[in-house]
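Dock chain B with the ligands against chain A, hints included.
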Amino acid sequence: MDIFGLLQNTLNWLIHPQTLAYALAALGLAVHFGYTGLLNMGVAGFMAIGAYGYAMSVLHLGLPWYLAMLVALVAAAIFALILGIPTLRLRADYLAIVTLAAAEVVRYLLTTTVFDEWTNSADGLAQYHDSFRGSNPLPEGTYGIWPWIYNEQGWWMRVFGILLVAGAAWWVWSLMRSPWGRVIKGIREDEDAVRALGKNVFGYKMQSLIFGGVLAALGGIVISLQSAVVPSFYQTNLTFMVWTALLLGGAATVFGPIVGSMLFWFVMSLLDYALPALANMGILPISNIQAGILRFIIVGVALMLLVIFRPQGLFGNKKELTFAK
Amino acid sequence: MPSNEKNSNAPKKAIDLHVGEMVPGVAKKDPIIVAEGVKRSFGGLVAVDVEHLEIPRNAITALIGPNGAGKTTLFNLLSGFDKPDHGDWKFDGTNLSGIPAFKTAKLGQVRTFQLTKALGLLTVLENMKLGAKGQRGESFWVGPFKGLWNKQEQEIEEKARGLLQRFKLDAKEADFAAELSGGQRKLLEMARALMTDPTLVMLDEPMAGVNPALTQSLLDHILGLKESGMTVLFVEHDMHMVRHIADWVVVMAEGKIVAEGDPESVMKNPAVIDAYLGAHQDVDLGVVTGRIAAEDV
Ligand SMILES: Nc1ncnc2c1ncn2[C@@H]1O[C@H](COP(=O)(O)OP(=O)(O)O)[C@@H](O)[C@H]1O
Ligand SMILES: [Mg+2]
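Residue numbers (this note's numbering), protein chains in the order written: chain A, 2 to 326; chain B, 140 to 436.
Honestly, the hints are just simulated from the structure, not real lab data. No false leads were mixed into what you were given.
To give an idea of the interface, some chain A residues facing chain B are shown, with a C-beta separation under 8 Å as derived from the structure:
no.	residue
1	K186
2	E190
3	D193
Taking lysine to any residue pairs in the SDA-like style, the calculated list, with each CA pair at most 20 Å apart, reads:
no.	chain 1	residue 1	chain 2	residue 2
4	B	K307	B	L353
5	B	K245	A	E192
6	B	K245	A	F203
7	B	K242	A	F203
8	B	K242	A	G204
9	B	K151	B	H379
10	B	K222	A	E192
Built from N, CA and C at the ideal position, the CB exists for glycine as well.
Bound-form chain A, shown alone (with noise of 0.2 Å):
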C-alpha cells in the first residue's frame, strides 16, 4: 500500500470542498436541531437550492457570482419559510416528514426534462465559473505546503470556503451565547415555558429554520464552485451525510459540525483508499467494487452506535442533548 498518497489523499479532504460544504450544512443542523430541536430532513434541498440558485443566476440572470449568491441564501430562506408555516406549530415530527419530502420534490423538479431549458435536467449545470474565478485576488501559480498542493483557483474556492466557515460559525456561537440563544435553547427543552414568558415561539423557531437553511445552502454553493452542479448530487443519502457529519461532532455545539465534517471526509476517504487495497492484497474477501460500497455500511453502522452510546457527539454536553427526552 502507498502510505505517501494514502496520507496525502486523506489529508486533502480536510479543507476539500465538500468538507467545507458539510461543515457548513451541519452548522445549519446544529442550529436547527441542536440548539432549537427542529428536525430538518431536509438538508440536502436546501443545499441543492443554494447550488442551483447560484449557477442558474449566473447563468440566466448574467448575475456576478455575490449576486447569484444573495439570490441563492434568498431562495433558500424563503423554502424555509414555506416549509416552515404549516410545520412549525405541530409536533418535531411533522417537520422532518415535510422536509424529507420536500427535499426529494426539489431533486424531482431539478432532474425533470420539463425544466430542461434552465436546469439541464439530469446532466446538470457547468460553465458558470468565469465571475467567481474572475474575481480571484490570488496570485497564478501553483503553490501550497505538502500535502495541500492547489493552483490559484484551487485555493480561490477552498480561501473563499474557510472564510464562509469562519464566519458563520462566529455567527453561530455569537447567537448562542447572547439572549436569542437562551430563548432558542429554551424552546429546544419545553416551547410552552417559553411562550408563557411572552415570547413568540412560532417567530423564534421559523427564524431557526430560515437561518440553518441559509448555512446549507451556502454549502451547497461551495459544492457548486468546483466544477458542476447535477441533481442526482443532493439525494436523500446526502442528508444522512451531514447528519453523521454533525452527529460525530457533536449536535449542540459549534466546532462539532466542523470537526465532524473533517472527521467524517477523513475517514470516508481513508476507507475509500484502503478497503480497495485491502481487497486487492486479498485481505478483505470481497471484490473492489464491494469494497467501495462497504464504507457506506460502515457509515451507517458508525452512525447508529454514535447515537446509541455517544448521543452529545465528541464535543457535546451529554447534560445537554440526549435523543430521550
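Frame of chain A, contents of chain B with the ligands only:
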C-alpha cells in the same frame, strides 16, 4: 380557630371586593379579569362552562375545586394556551379571546404550570434571565453583537439575582435547573414569572410537592406580590393555606363556578362543603352544579 390565635402575624386581607350578594358570578368593584360565557369541552366532556366570572384586582384569589373540576383548563383558556368552544374574556380591559399565549404574557398576565416547567438544561440564572421582557439581544440581528446588549444583560442579571435571593435560590444560580428539588423548581418557576413584571400572576398549584419547610416562605412570597401591587390567581388544594392568604375564593366543580366569596363565608357554604370538602359524600356532585335536581338523587 388557628388563624385567630396567630392574629398578630395574620396577613392583611383585602376586603370589600364585590358588589351585591356573594353568588357565583358576582360583580367586582375593580375587576382585572372579566370572563363571559366561556365553555370548553373535550369530546362529550364539558371541562369548563363558566357563565360569568370576575377576578378582583390587587387581591389574592384562590380557585379551588376537586380534581377534574376544570381549574387547569380555565387557566389554559385565560392564558391563551387553549381555545374555548365559545366565550370572551377581558384582561385589564383588553379582549383576550383568540390572542396567542405569548401575547397575553406580554400584556402582563403571566402563569405557571401545575407540572413545573423549569428549563432543566438551562442554569437557574439563565432560567431567570429568560423571563425578562424587551431584551434587545433576543433579536436575531442584534444577538451576535454582545456590545449591543451586554449592558441590559447586566441589569437583568442584577434583577434576577435580587429575586433569587428573595426566593432563597441565590446559592443555586449556577446549577442546572434539572438539579433542583421539585419544590425549588416551583419556586424558580414563580421567580422566573416575576421577571416579566406581571400585573396578574396565575399560579397553578404552587404548593404541590413543595417541602412543608418551604411552604411558609412561598406563602410569604405570594403575599408579597399583592403588597407590591400585583394581582394573584392561584389554584390550591390546601384549605389551610387558602384560608390563610386568599382574599377571595372561587369554587369550581364539574366545570362550573359553584360558589365564590371571602374565605370564611365560602368555607361555611354548604355547596362548597358538598362539592369540595366532601363532607356529604352521599350527595351527588351533580346536585351542587345543578346538573341533577336534588329530588332525583
Ligand atoms: N387535553 C384534554 N383532553 C381531554 N380531556 C381533558 C383535557 N384536559 C383536561 N381534560 C379533562 O377536563 C377535566 C378538567 O381537567 P382539569 O382542568 O385538569 O381539572 P383540574 O385542574 O381542576 O383538576 C378533566 O375531566 C380532564 O380529564
Ligand atoms: Mg389542575
